[in-house]
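Chains as they are written, first to last, in this note's numbering: chain A, 82 to 162; chain B, 82 to 162.
Just so you know, the hints here were simulated from the structure itself, not pulled from any lab data. A portion of the hints provided could be inaccurate.
Note that the list lumps identical chains together, so a pair holds whenever it fits in one copy or between two copies.
[Claimed, not checked] Cross-link-like lysine-lysine pairs, in silico, PhoX-like; alpha carbons within 20 Å at most:
#1 Lys-100 with Lys-83
#2 Lys-91 with Lys-121
#3 Lys-141 with Lys-100
#4 Lys-100 with Lys-145
#5 Lys-134 with Lys-87
These are the residues of each chain, in order.
There are 2 protein chains.
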Amino acid sequence: MKALVKVTLKNGVLDPQGKAIHQALGSLGFDGIDQVRQGKLIEIDLNENDEAKAHAQVEKMCEKLLANMVIENYSIELEAS
Amino acid sequence: MKALVKVTLKNGVLDPQGKAIHQALGSLGFDGIDQVRQGKLIEIDLNENDEAKAHAQVEKMCEKLLANMVIENYSIELEAS
Chain A
82 MKALVKVTLK
92 NGVLDPQGKA
102 IHQALGSLGF
112 DGIDQVRQGK
122 LIEIDLNEND
132 EAKAHAQVEK
142 MCEKLLANMV
152 IENYSIELEA
162 S
Chain B
82 MKALVKVTLK
92 NGVLDPQGKA
102 IHQALGSLGF
112 DGIDQVRQGK
122 LIEIDLNEND
132 EAKAHAQVEK
142 MCEKLLANMV
152 IENYSIELEA
162 S
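Only chain A is shown next, with the shape it has when bound in the complex:
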């Protein structure tokens, strides 16, 4: 099955990349934007077909490698592939 992991910065953590996008959008004439935050999107194709097992496995991956738990949050979505 396929796992979609969203890794986003926690609230309060500075996001220079998001700020740069915000400014670039502003200079292109896009007004009315309050905030831009940039995160990561990781798609993982797993052999595992059991949803509970796949979720547990991906959770471990997030905690060990994909997300920096000090400054980032993650969320996991699973879909049958």
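Keeping the supplied structure of chain A fixed, place chain B upon it in accordance with the hints.
Chain B in isolation, oriented as in the chain A frame:
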């Protein structure tokens, strides 16, 4: 309202970052992974409250700045903030 933009590499486009994650997961003992692809996740807080207008605006942002249409796809999700 809040827009969530997912920018992913098109199929067939090489993804060295995804490959690096794949290998790192393998060396941490996570087996049974077929493929890893990394994309970008951009959260935009908009002042616009009309869904159709917001969607059109974010679509323009994607085409002008957020996504490289030659090698990337994008998808837009809107939610009331």
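A quick look at each hint next to the structure:
In this assembly of identical chains, the alpha carbons of Lys-100 and Lys-83 lie at most 20 Å apart only when taken from different copies (16 Å versus 31 Å within one copy). In the homo-oligomer, the alpha carbons of Lys-91 and Lys-121 lie at most 20 Å apart both inside one protomer (13 Å) and across protomers (16 Å), since each shortest distance falls under that limit. In this assembly of identical chains, Lys-141 and Lys-100 lie within 20 Å of each other by CA distance solely across copies; the values are 19 Å between and 31 Å within a copy. When the C-alpha separation of Lys-100 and Lys-145 is checked against a cutoff of 20 Å, the pair qualifies only between copies, where the shortest distance is 17 Å, while the shortest distance within a copy is 28 Å.
Taking the closest pair of Cα atoms, Lys-134 and Lys-87 come within 20 Å of each other only inside a single copy of the chain (19 Å); across copies the shortest separation is 26 Å, beyond that limit.
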